[in-house]
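Chemist: Chains as they are written, first to last, in our numbering: chain A, 1 to 452; chain B, 453 to 725.
For the record, the hints were derived by calculation from the structure and aren't laboratory data. Treat the hints with care, as some may be off.
[As the list claims (entries may be wrong)] Lysine-lysine pairs mimicking DSSO-like chemistry, simulated, CA-CA at most 30 Å apart:
no.: 1; chain 1: A; residue 1: Lys250; chain 2: B; residue 2: Lys608
no.: 2; chain 1: B; residue 1: Lys631; chain 2: A; residue 2: Lys81
no.: 3; chain 1: A; residue 1: Lys250; chain 2: A; residue 2: Lys32
no.: 4; chain 1: B; residue 1: Lys631; chain 2: B; residue 2: Lys606
no.: 5; chain 1: B; residue 1: Lys606; chain 2: A; residue 2: Lys227
no.: 6; chain 1: B; residue 1: Lys631; chain 2: B; residue 2: Lys608
[Claimed, not checked] The following residues of chain B were derived to be distant from chain A, with all beta-carbon distances above 12 Å:
no.: 7; residue: Val529
no.: 8; residue: Leu579
no.: 9; residue: Asp583
no.: 10; residue: Ala612
no.: 11; residue: His621
C-beta atoms are modelled at their ideal positions from N, C-alpha and C, and glycine is treated no differently.
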Amino acid sequence: MWNRRQGRLRPAGCGVEELRRRRREREAALRKARREQQLVSKRLLREDALEETGGGGVATILGEAEIQQFLQLAQRGTEEKEREKALVSLRRGLQHPETQQTFIRLEGSMRTLVGLLTSNQALLQLEAARCLHELSHSEQPAVAEACLPATSYLLTYLSGHSSDFIELCLYTLGNLIVESEAVRRQLLPQGIIPALAACIQSPHMAVLEALGYALSQLLQAREAPEKIIPSVLGSTLPQHMLQLLQPGPKLSPGVAVEFAWCLHYIICSQVNNVLLITHGALSTLELLLLDLAGAVQRTEDAGLELFFLRKQSSLLPEGLWLLNNLTANSPSFCTSLLSLDLIEPLLQLLPVSNVVGVLVLTVLCNVAEKGPAYCQQLWPGPLLHSLLDILAFSDIEVVDQSLELLQLLFLYRPEVCFLPRLPRPSCSNQGYRPWRSVRQPSSRIVCVLSRR
Amino acid sequence: MQLPPALRARLVGGPGAAEPLPVVRDPAAGRAPFRFVARKVRFPREHEFFEDGDVQRHLYLQDVLTQVAEEPQRSRVPEFTCQVAGCCQVFDTLEGYEHHYHTRHRHACSFCKRAFPSAHLLDTHILEWHDALFQILSERQDMYQCLVEGCTEKFKTSSARKDHMVRLHLYPADFWFDKPRKSRGCVRLATPGPCVPLSAEALGGGGEQSEGDAMEVCAAEDVAIPWGAPSESRAVAARMEKRTYSRRIPSTICFGQGAARGFKSTKKRDQRL
Numbered sequence: 001m002w003n004r005r006q007g008r009l010r011p012a013g014c015g016v017e018e019l020r021r022r023r024r025e026r027e028a029a030l031r032k033a034r035r036e037q038q039l040v041s042k043r044l045l046r047e048d049a050l051e052e053t054g055g056g057g058v059a060t061i062l063g064e065a066e067i068q069q070f071l072q073l074a075q076r077g078t079e080e081k082e083r084e085k086a087l088v089s090l091r092r093g094l095q096h097p098e099t100q101q102t103f104i105r106l107e108g109s110m111r112t113l114v115g116l117l118t119s120n121q122a123l124l125q126l127e128a129a130r131c132l133h134e135l136s137h138s139e140q141p142a143v144a145e146a147c148l149p150a151t152s153y154l155l156t157y158l159s160g161h162s163s164d165f166i167e168l169c170l171y172t173l174g175n176l177i178v179e180s181e182a183v184r185r186q187l188l189p190q191g192i193i194p195a196l197a198a199c200i201q202s203p204h205m206a207v208l209e210a211l212g213y214a215l216s217q218l219l220q221a222r223e224a225p226e227k228i229i230p231s232v233l234g235s236t237l238p239q240h241m242l243q244l245l246q247p248g249p250k251l252s253p254g255v256a257v258e259f260a261w262c263l264h265y266i267i268c269s270q271v272n273n274v275l276l277i278t279h280g281a282l283s284t285l286e287l288l289l290l291d292l293a294g295a296v297q298r299t300e301d302a303g304l305e306l307f308f309l310r311k312q313s314s315l316l317p318e319g320l321w322l323l324n325n326l327t328a329n330s331p332s333f334c335t336s337l338l339s340l341d342l343i344e345p346l347l348q349l350l351p352v353s354n355v356v357g358v359l360v361l362t363v364l365c366n367v368a369e370k371g372p373a374y375c376q377q378l379w380p381g382p383l384l385h386s387l388l389d390i391l392a393f394s395d396i397e398v399v400d401q402s403l404e405l406l407q408l409l410f411l412y413r414p415e416v417c418f419l420p421r422l423p424r425p426s427c428s429n430q431g432y433r434p435w436r437s438v439r440q441p442s443s444r445i446v447c448v449l450s451r452r
Numbered sequence: 453m454q455l456p457p458a459l460r461a462r463l464v465g466g467p468g469a470a471e472p473l474p475v476v477r478d479p480a481a482g483r484a485p486f487r488f489v490a491r492k493v494r495f496p497r498e499h500e501f502f503e504d505g506d507v508q509r510h511l512y513l514q515d516v517l518t519q520v521a522e523e524p525q526r527s528r529v530p531e532f533t534c535q536v537a538g539c540c541q542v543f544d545t546l547e548g549y550e551h552h553y554h555t556r557h558r559h560a561c562s563f564c565k566r567a568f569p570s571a572h573l574l575d576t577h578i579l580e581w582h583d584a585l586f587q588i589l590s591e592r593q594d595m596y597q598c599l600v601e602g603c604t605e606k607f608k609t610s611s612a613r614k615d616h617m618v619r620l621h622l623y624p625a626d627f628w629f630d631k632p633r634k635s636r637g638c639v640r641l642a643t644p645g646p647c648v649p650l651s652a653e654a655l656g657g658g659g660e661q662s663e664g665d666a667m668e669v670c671a672a673e674d675v676a677i678p679w680g681a682p683s684e685s686r687a688v689a690a691r692m693e694k695r696t697y698s699r700r701i702p703s704t705i706c707f708g709q710g711a712a713r714g715f716k717s718t719k720k721r722d723q724r725l
């Protein structure tokens, strides 16, 4: 479980500002990577007995001779403890990228390591797996790909029983999966999907979270919609995933996060969402969302509103997107929106951002376009006022959508037009004239205003 | 649940729950220059809309652990020995013992002491190595099952199966859990290490190569020879095997558990290694 492995995250003397700056940098790097379709992140499991490292935790660079020595000792040492220690030393060295490079270039090294992985000395096996895990985490493709000879064993061990060991194998596999298509081209025929389908029945949460991680890496692959998702959908994985997302006392957040991402990758690939729906995906996700909303509400009540508004703002577009798809073709949902008094809260979201503003207005248009009975509920009310407020300061797309909404409102509620003090909307700070420079909505503004 | 029950019920109830207001559309609504149409929106996975979420996801993956963590609290107990007969491993944590047990004893063949990671592999091993009926049946029908999870193919011989696993499933030719059954002549014996009783060389405290333990000899005899087959076909099989695979492991590299056979052989031992 990640929680119990989280160690001290802050190097000494690192202030909050410094952390914020680093986080912003990382975010920017991730955005850039995503745009270049190079988004790769790996997970690292690292447990070191503090008394052995002396609390320092700095990896030592090992040379060829040392690596060879450790490998030989691990293989043929006479004392069990000696052999373990040799592997531990190797593993520590492998935390350093230079050692990793030296290791993979050394002939027979991976072979030996794989041999130790198949040892029936449990501790040797574990240490060998940890060495592999360090290698799998490397950012150098060559290093990760050098681990390929081990994959058949990692998969075989998924049907074993030591949950810690299986967890390690899964994270290692997850790291390797995301590395390159070459790796996936080997793992798929090696039976990774049936192996995961068998492993997902494990009762251990740590194993399940690791499995979710590995699976999410598989599903995130570029070639996933054609080569991976059909097989996943054809296995028993979807049913198990949905089961693990059921809200209730057994719901583990770490596990749920991983499988929610798995579902996201599957669903937005549009391979066969109908199948997921027949497995009950919709109701599971609805209930989960309600559960989460309830949790949010609880913390809001506890006085953490500010914190949650900030957190929630990143969820707003997705929430509104959901609302759009719910209300677009459904009179019932639109009616519910009205009867549950959700219009005003929605209006409060208008100024958050342009993206959010457009989405809110789209949802309102979904409601308004259904006719007079719906528009009757929209006005009188705060709607018009909010609309006219934002028209003064908004960008073109927001203005566009506002005008669409206004048009619907005026069409189905003509009495709105006769408000004596309706201010003239403007699209910029310069007064009436610049309407002509706003080419797109100008004809619409004229149409809308002509109804008055 | 924390939401007001009425609200929750309405939300959960689905489209049929609320009495929808009547829908009456005016054709003027969609008339140019207006163009709004209510529609569901789908975004493909690479869409910009998902950028924020993806960034959050990757921050989560990266944030979670990048530092050396404290060793999880393994409760230390007074040292104790493995209870399995002949095994003298010592432990001071329960997790350590558990891992050892699963690795060494849980799926261990009672005939030849070889250990397997799963029940499936153990069962397959017992069938193919120690079951006379299997050998007889295998001469008439395809009995050697593919070892890859989810694959139901069966084969006439273990080498045919191996061929399948190598070519189709990209498994290594020397996959440790699919060692072909050896003719008895080429087995070397273990020189027993400390506290190792007669039948349990494989479980000795040394494990693999220490104290001169037995090694599975990778020699010309390393072929899948059906038990009881006529010697001619055995020779043919041997030749084919040698040609197809160069699975020779250099003698300087040795790894893996040397599974001793259940009884001492009186035949000539291979002098290599």
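Chemist: Evaluate each hint against the coordinates.
Modeler: Results for each hint:
{"no.": "1", "hint": "A:Lys250 <-> B:Lys608", "result": "47 Å, violated"}
{"no.": "2", "hint": "B:Lys631 <-> A:Lys81", "result": "28 Å, holds"}
{"no.": "3", "hint": "A:Lys250 <-> A:Lys32", "result": "38 Å, violated"}
{"no.": "4", "hint": "B:Lys631 <-> B:Lys606", "result": "17 Å, holds"}
{"no.": "5", "hint": "B:Lys606 <-> A:Lys227", "result": "25 Å, holds"}
{"no.": "6", "hint": "B:Lys631 <-> B:Lys608", "result": "16 Å, holds"}
{"no.": "7", "hint": "Val529", "result": "17 Å, holds"}
{"no.": "8", "hint": "Leu579", "result": "17 Å, holds"}
{"no.": "9", "hint": "Asp583", "result": "22 Å, holds"}
{"no.": "10", "hint": "Ala612", "result": "18 Å, holds"}
{"no.": "11", "hint": "His621", "result": "5 Å, violated"}
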